[in-house]
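Construct the complete structure from the given sequences, taking the supplied hints into account.
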Amino acid sequence: MAHDVTATGPGFDPGVRGIATDWGGDKQTFHVPWGKAMMWIFLLSDTFIFSCFLTGYMNVRASTRVPWPNPSEVFALSFGGEPIPLILIAIMTFILISSSGTMAMAVNMGYRGDRAKTAALMLITAAFGAMFVGMQAFEWTKLIVDEGVRPWSNPMGAPQFGSVFFMITGFHGAHVSIGVIYLTTVAMKVLRGDYEKRGYEIVEITGLYWHFVDLVWVFIFAFFYLW
Amino acid sequence: MAQDDTHQEHPLAIYFWIWGLLFVLSTFSYMVDIMGFESYARWGLILLFMFLKAGFIVAVFMHMMWERLALIYAIIGPPVVLLVLIGLMAIEGDYTVLTRLNYFGADTTEFAEHH
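Chains H and R are the protein sequences, given in the same order.
Numbered by our numbering, the letters in the first sequence go through residues 4 to 230 in order.
Numbered by our numbering, the letters in the second sequence go through residues 3 to 117 in order.
Hints in this document: simulated from the structure, not taken from any laboratory.
Please read all numbers here as calculations on a predicted model, not as lab measurements.
Any given hint could be a false lead.
Said to hold, decoys possible - Covered, in the sense of this in silico footprint (three residues per stretch, anywhere, with C-beta under 8 Å from a C-beta of chain R), are these stretches of chain H:
{"no.": "1", "region": "40 to 49"}
{"no.": "2", "region": "52 to 65"}
{"no.": "3", "region": "109 to 123"}
{"no.": "4", "region": "188 to 197"}
{"no.": "5", "region": "205 to 217"}
For every residue, glycine included, the Cβ atom is placed at its ideal position computed from N, Cα and C.
Spelled out as C-alpha cells, the structure:
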C-alpha cells in the first residue's frame, strides 16, 4: 500500500458503528412511533406484491384466446332455489368491512385506555376474520371438488383462471389468517395490561395491518370477481 | 392534532359514518353485477366504487388524512409508478393475444360456445 486512504470528516465514527451514525444523522423524518412508520413501509411493499399479482392477472386475462369464465356464474350459490350470483363473495365483503369497523373502534378505545373494550373489539375483529377464512375455505373446496378447477385447468374456460384465482385469493387469505393470529396475540397482551406504560399505539399499528387486508380485498373484489 | 401526535384519537361518529358508507358503496358495487351493467358503464362504475372505498379506508380508518405530508407522500407516492407497469402489461397482453390469434387462430375448443 503506497498510502492509506481513510475516511474522515465531521462526526466520523470508525468501523460498523459509522454506518448507523451516518444513516441516522440525528434527524427524524416521520413524526410517528417507529413501529407505525415501519408498518406503513411494510404495507407499501405488500402493495407492490399484490399489484404485481393483479397486473399479472390483467395480462394473462388479456392475452388468452380462450374465453374467461364468468365469475358471476362461477361464484353463484344456490340456497335451494335459483342460484344467486356472487352471493358468498358479497357476504365475505360485508364481513370484512364489519371487521374493519370493529377494528377502528378498538383503536379508539385503546387510546381512551379502556383495556377490556379494546381487547373485546379486537377479538370480535379476529372472529370476523376467522369467519372470512372459513368461507374462503368453503369456496375453495366447492371450486376444487365440485367444479374441478385446478391451477392448470378448469372446465369453464381459460386455464389461467385457476392459477390466478388460487394465487391471489390464497395470498390474501394467508394475510387474513396471519392477521387473526396477530390480532389475538395483541388483544391478549392488551387484556394483560402490557401496554399500560408503553401506550396503546400498538393497537393502531395492528389496525393498519388489518385495514390493509380489507383494502386489498376491495381491489380483488373489483378486478377479479366483478370485472 | 397534526403535529406532534402519535395519538390518533378522533370522534367515534366519523368512524360510524365511514363504516355505513362502506356498506352502501359495497352494495352499489355488488348491484353493478346484479343489474347487469356491461362494458364501459360496468368498468367505470366498478372503478368508481372501488376507488371511493379504498380512499375512505386509507384516509379515515388508517388515519392518513391526519398524518403529516412527509408520511402521506412517502406512502402514497411510490404506488403511482405502478401505472407504468399496468400500462406496459396492457400493451404487452394486447400484442400477445394478437400474435396468438395470428398464428393459432381463434379458439375452437369446447369453451368457444360460452361467448
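Going down the list of hints, with the structure as the test:
1. 40 to 49: With 5 residues closer than 8 Å to chain R, the region 40 to 49 of chain H meets the three-residue bar; holds.
2. 52 to 65: Satisfied; 9 residues make the cut.
3. 109 to 123: Three-residue rule met by the region 109 to 123 of chain H, so holds; n is 4.
4. 188 to 197: violated (count 0)
5. 205 to 217: holds (count 6)
In summary, the structure is inconsistent with hint 4 from the numbered list given earlier, while agreeing with all the others.
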